[in-house]
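Using the hints, position chain B against chain A.
Chains as they are written, first to last, in our numbering: chain A, 1 to 177; chain B, 1 to 333.
Hint data in this document are derived by calculation from the structure and do not stem from the laboratory. Don't take each hint at face value.
[Said to hold, decoys possible] Computed from the model, here is a short list of chain B residues facing chain A with C-beta under 10 Å: (1) G61; (2) P63; (3) S110; (4) E112; (5) I114; (6) A115; (7) F248; (8) E253; (9) T254; (10) R262; (11) S266.
[Unchecked claim] Covered by chain A, according to a simulated footprint, are these stretches of chain B (three or more residues, beta-carbon under 8 Å): (12) 25 to 33; (13) 38 to 44; (14) 149 to 155.
[Claimed, not checked] Calculated from the model, a selection of chain B residues having no Cβ within reach of chain A, i.e. all distances over 10 Å: (15) A8; (16) A58; (17) Q77; (18) Q258; (19) L259; (20) E292; (21) V298; (22) R299; (23) Q310; (24) V321.
No residue lacks a Cβ here, since even glycine has one placed at the ideal position from N, Cα and C.
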Amino acid sequence: MPDGAFEVSVLTPESQLLHVDARAVVLRSSDGDLTVLSGHTPLVTDVVPGRVRVDPAEGDPVHMAVHGGYLQVETGLGLDGSDGRATRVTLLAGTAELASQIDVARAERARAEAEARVEELRAAQGRAGSAGTGPAGAGHAQGEGGGATPEDIELAEAEAALARAKVRLEVAGGTSS
Amino acid sequence: MPGGQERALRRRIRSIQSTKKITRAMELIAASQIVRSLTRMTANRPYREGMARIVVEAAKGDPAAAAKLLGEPSERQAVVVVSIVADRGLAGAYNASTLRTTERLVAGLSAEGIAVRLFTVGKKAPSYFRFRHQEVERSFQGMSERPSWGDARIVAAAVSAPFIAGEVEQVLLVSTRYRSAGSQSVEVRQLLPLPEPGRAGVGGAGDAGAPADAVAGTAVPRASEDQPGAHGAGTPAGEPVSGGYTEFEPDVETLLSQLAPRAVESEIFTAMLEGAASFFTAQQRAMAAASENADELVRTLTRIMNRARQDAITTEIMEIVGGAEALRQSKGA
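Pulled out of the complex, with its shape left as it was, chain A reads as follows (with noise of 0.2 Å):
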């Protein structure tokens, strides 16, 4: 491994993203914006919604748009199999995209169709109030404890689509400039 470059993992539930020996991380945390560097501190940290930006130690910076998730900094002993000192970060995210897999145009329509769907959600609400039946999500609930009523959780789950293709429309756009 060069100097000054670590072993760099984004994780999903249903891939490894990326795995690389980077020199830095760019990220945003709740507490603001972080960059991560060899030797960083041990850290566990939320990551909003957003840019990812990794610089792996050879070639391009590689942009992601990461809607959400935890990064862990490791610094120790032994962690890369040698015996010095080495830093392994792991960013682990529920969603999360490489730019360049980004379809410009579909999420383009995404957020056009999420827009359309929150305002409409919205007014319906706004409407008749908390009353009325519709079926959401897949299975169906019998006798919901209380808390959220499947309106409320379409709205949520349509603004959180909506969130991610303007993220990904952020991210997207910035790369191909």
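Just chain B, lined up with the frame of chain A:
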């Protein structure tokens, strides 16, 4: 009447042969699905291990805060039980053994005076429990064979909600673990509070322990270590010695309370993936056995049919000979 029996047998053989075509096709399909499920399980493993590491790290950061979310509940008044089975049958004992374990667990908890709220995944579960008058609070269907991350999140959100709201003290998961191609077994695990790091996470007291009846009739622990034993939130092997203390952003307590639902999602997703792999393995085995049985039936029936035909021919010859003899005698007289 001779000939009638032969025709009936021939019809039965044909019917068995076409059934065999179906079971053979299902066997082949299941075999290909096993490969797909295993690939997805392998792809999921780094995430799950990363999640386990991060939870362990956070738990070490603030043991006081961790105590609320980790370990065994001291007292249980109500628990959530989540049972994961398949949407379809024809997979040997796969559904039955998971459901039976669930039923036993529920009965055991009820006997202790603990209220049970049952959640199920898979179409086979609600009908089983309805027949036994066990109420199912919520069931999810149509996601067992190819579970997606989104499916797992929906299930996780539903089953964690009562725990987060403080209505239950524990969330237990009953599902089939995929150990290797030759061995799958039903296991009861604790989802919430998160199992103590380093422990296998077999939750619940008493009968809940010990892997229940193995699905695999031939549980040969093969040498192929395609699925290492490190299941669930156990600390991954070769854990490094972190140099000094770890920083947390935001504070550990906030972080842990956010991480816990993610960890549950991860566990459920893994369980669903392993369940799918186990389902197809069980189905392949069941369908292979069915095809073999069909072969044997055809062999036996063919033999009976040949004998029936032979008998018919013999009878006919006897009749002809007898008739000819009678004619000759009546002429000579």
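For each hint, the structure was consulted:
1. G61: Cβ of G61/B sits 7 Å from chain A, so the hint holds.
2. P63: violated, 15 Å
3. S110: The hint is violated - S110/B has no Cβ within 10 Å of chain A, the shortest such distance being about 19 Å.
4. E112: Since the shortest Cβ distance to chain A is 22 Å, the answer is violated.
5. I114: It is violated, given that the least Cβ distance between I114/B and chain A is near 17 Å, above 10 Å.
6. A115: The hint is violated - A115/B has no Cβ within 10 Å of chain A, the shortest such distance being about 12 Å.
7. F248: holds, 5 Å
8. E253: violated, 12 Å
9. T254: Where the cut-off is 10 Å and the nearest Cβ of chain A is about 9 Å from T254/B, the hint holds.
10. R262: With a closest approach of 7 Å, the R262/B hint holds.
11. S266: holds, 6 Å
12. 25 to 33: violated (count 0)
13. 38 to 44: holds (count 3)
14. 149 to 155: holds (count 5)
15. A8: About 47 Å separates A8/B from the closest Cβ of chain A, which puts it past 10 Å; holds.
16. A58: violated, 6 Å
17. Q77: holds, 15 Å
18. Q258: violated, 7 Å
19. L259: L259/B not clear of chain A: closest Cβ-Cβ about 7 Å, inside 10 Å.
20. E292: holds, 36 Å
21. V298: Consistent with the label, V298/B stays out of reach of chain A, its closest Cβ about 42 Å off (over 10 Å).
22. R299: Label holds. Min Cβ-Cβ 46 Å, cutoff 10 Å.
23. Q310: holds, 60 Å
24. V321: Fine: 74 Å to the nearest Cβ keeps V321/B off the interface.
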